Amino acid sequence: MAVLFSQRRIAMSGNLNPPIDPSSDATAPIATKDHGIPIRLATREITAALVWTFAADVLIFRLATYLSVAIFLVLTPILFRYAATNRPHGRSLAVCGILSALVALRLLWQGSPLAIGSALLLIVAMSMAASGVVPFVLEGFLRFGRSLVDGANRISRYRLTHQAINQVRNHHRLASILLPLVAVLAFGGIFVMANPDLVSWVGTQVRYAWKITFNWLSNFSVWEIPFCVLALTIGMGLMRPLRPFLRFGSNTEDELIAASAESGLYSAYRNTLIAVTSLFAAYLCFEFWTLWRRDFPEGFYYAGYAHQGAAWLTIALGLATVSLSVIFGRSLLSDPRMPQVRRWAWIWSAENLLLALAVYNRLMIYIGYNGMTQLRMVGLFGITAVVIGFALVVYKIAKTKNFWWLLRSQMLALTIVVIAYSVTPVDYLAHRYNVSRVNAGYSAPSVMLAVKPISDEGLLSTFHLINHSDPIIRDGVQARLAIREAELSAKGTIHWSELQGASRLLASRLADHPELSTHFANPGERQTALLRFKSYAMQWY
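Number 339 in the working numbering belongs to position 111 of the sequence shown; there are no gaps in the numbering.
Simulated from the structure, these hints should not be mistaken for lab results. Treat each hint with caution, since some may be false.
Unchecked claim - Label pairs and their calculated CB-CB ranges:
{"id": "1", "residue 1": "LYS762", "residue 2": "PHE369", "range": "16 to 24 Å"}
{"id": "2", "residue 1": "PRO699", "residue 2": "ASP740", "range": "35 to 43 Å"}
{"id": "3", "residue 1": "SER446", "residue 2": "VAL279", "range": "23 to 31 Å"}
{"id": "4", "residue 1": "PHE455", "residue 2": "THR628", "range": "43 to 51 Å"}
Unchecked claim - In silico DSBU-like cross-links for lysine-lysine, where the CA-CA straight-line distance does not exceed 35 Å:
{"id": "5", "residue 1": "LYS680", "residue 2": "LYS624"}
{"id": "6", "residue 1": "LYS719", "residue 2": "LYS439"}
{"id": "7", "residue 1": "LYS680", "residue 2": "LYS762"}
{"id": "8", "residue 1": "LYS719", "residue 2": "LYS762"}
For clarity, every value in this text was computed on a predicted model and none was experimentally measured. Just so it is clear, CB atoms sit at the ideal spot from N, CA and C, and this is done for glycine as well.
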């Protein structure tokens with residue numbers, strides 16, 4: 229799989245620097261001087277590419293279910309590692325492997341478009357890690373964007389030259405495989421013909437294989453060949469990207485500090501930090517005095533204070549992150565008076581941490597009032613991403629990291645948070661909280677069970693309310709479960725690739741409660757009970 233690539237740096241505009249990859253396969257043994265790929269070095273690569281294309285055709289084009297995508301995601305790192313000639317970036321490959329396993333399990337349990345997006349990101353990341361580079365986000369977009377070009381370039385190198393044909397003719401290793409195979413097939417066929425039972429069994433299997441092949445060909449689509457060509461090209465591009473690998477920004481992690489020189493904006497930066505530190509101190513006193521309690525008066529505007537208010541405070545945290553990053557740029561870091569300004573930055577950072585706690589508090593106030601929803605879970609993950617981003621800025625100031633380090637780290641952190649959200653059973657956790665509150669005697673969160681869409685994993689938590697003391701809540705929950713049971717029964721037998729763990733477990737739980745379908749056998753009764761539940765719960769919306 230060795231190909232000679234140029235090791236010289238490519239001059240490019242801006243901050244796009246092409247570092248030389250020390251793990252380049254240019255040092256691998258070459259079987260021929262022809263510009264094509266040497267036959268004896270391309271076996272792994274060709275095998276991986278063919279398996280990749282076949283898997284993409286079957287699992288993505290033909291099946292296109294959450295389970296099939298999960299299988300493809302599990303298969304991908306195996307193919308990348310099998311085809312790789314470089315030493316992989318071990319830590320990155322391990323992290324990507326763990327995240328891929330979690331995403332695959334999520335797709336098996338209950339898939340979502342966001343989980344599909346996470347799988348795509350991880351496929352590109354594993355391609356980079358298997359090639360020996362750290363899968364940063366910007367470089368990942370570049371890798372995926374040029375995968376078509378890289379793949380087409382790689383495929384164009386497979387040329388059957390006269391020298392390559394001679395190698396195939398004289399390839400004793402190939403003969404060492406083919407000759408035993410031919411011998412086994414010949415004698416095996418004789419042995420089968422000598423036993424009528426074996427003849428019958430083999431004939432059945434051949435007919436079954438022919439039936440599968442016929443069905444496969446009969447379902448052929450005119451778009452299948454273009455899809456396979458595209459999949460092959462992208463796969464080759466991800467397995468064998470052109471070198472040298474391009475990287476955005478500086479390759480050094482530490483800020484290159486110029487000779488000590490006073491910054492003209494030193495006073496402006498210092499005064500800004502003093503001003504915002506004073507403002508934050510005053511506001512935090514007001515925040516903790518007015519909202520850091522649970523006994524709110526009747527008619528308290530929960531949506532305004534705990535919902536929109538939390539969003540505005542999150543924006544303030546994001547603006548503080550950007551401000552600190554701008555203030556502690558190259559010019560201030562080279563100023564000998566910088567330590568005095570940095571002390572104010574530490575004070576402001578501590579205040580931002582308290583502001584983050586205030587945002588969490590506001591979200592919990594809203595959740596405590598009328599329950600948890602998917603959108604509120606998004607808010608919790610979102611503020612966590614902002615806090616991580618702010619912490620990275622503080623670390624940059626303390627360790628004098630450069631701007632590109634900060635940008636890469638923040639984008640990587642945001643990507644990991646998004647993937648973490650995509651694998652979290654959000655619906656189950658949200659409604660499990662709502663159910664526990666309702667069972668504890670506080671009925672307001674029942675509104676989320678009545679009016680919000682609930683997935684199968686969320687419905688699993690509602691079984692704890694089918695015997696609730698409030699007849700309206702009890703009948704409403706039972707009606708909702710009965711409606712879903714009717715939908716699952718109407719589907720009948722599903723194809724194995726459409727399996728979802730949450731749906732299967734829900735069907736099993738519903739089978740254990742046959743009284744749900746008998747109690748609400750009439751579809752009209754189900755809808756009436758559900759509408760009565762919605763009208764009753766809307767008082768807490």
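Against the structure, the hints:
Range check, LYS762 to PHE369: about 44 Å between beta-carbon atoms, so the 16 to 24 Å window is missed. Under the hint 35 to 43 Å, the C-beta atoms of PRO699 and ASP740, about 22 Å apart, miss the expected range. Take SER446 and VAL279: their Cβ atoms lie about 24 Å apart, and the range 23 to 31 Å holds. One distance hint, 43 to 51 Å for the beta-carbon pair PHE455 and THR628, holds here, with the actual separation near 49 Å.
Distance check on the hinted pair: LYS680 and LYS624 sit about 42 Å apart at the alpha-carbon level, beyond 35 Å; violated. The suggested pairing of LYS719 with LYS439 holds, with an alpha-carbon distance near 26 Å, which does not exceed 35 Å. Pair hint LYS680 plus LYS762 holds up; C-alpha atoms about 10 Å apart against a cutoff of 35 Å. Taking the CA atoms of LYS719 and LYS762, the gap is near 27 Å; set against the 35 Å cutoff, the hint holds.
Checked against the numbered hints above, the structure breaks hints 1, 2, 5 and satisfies the rest.
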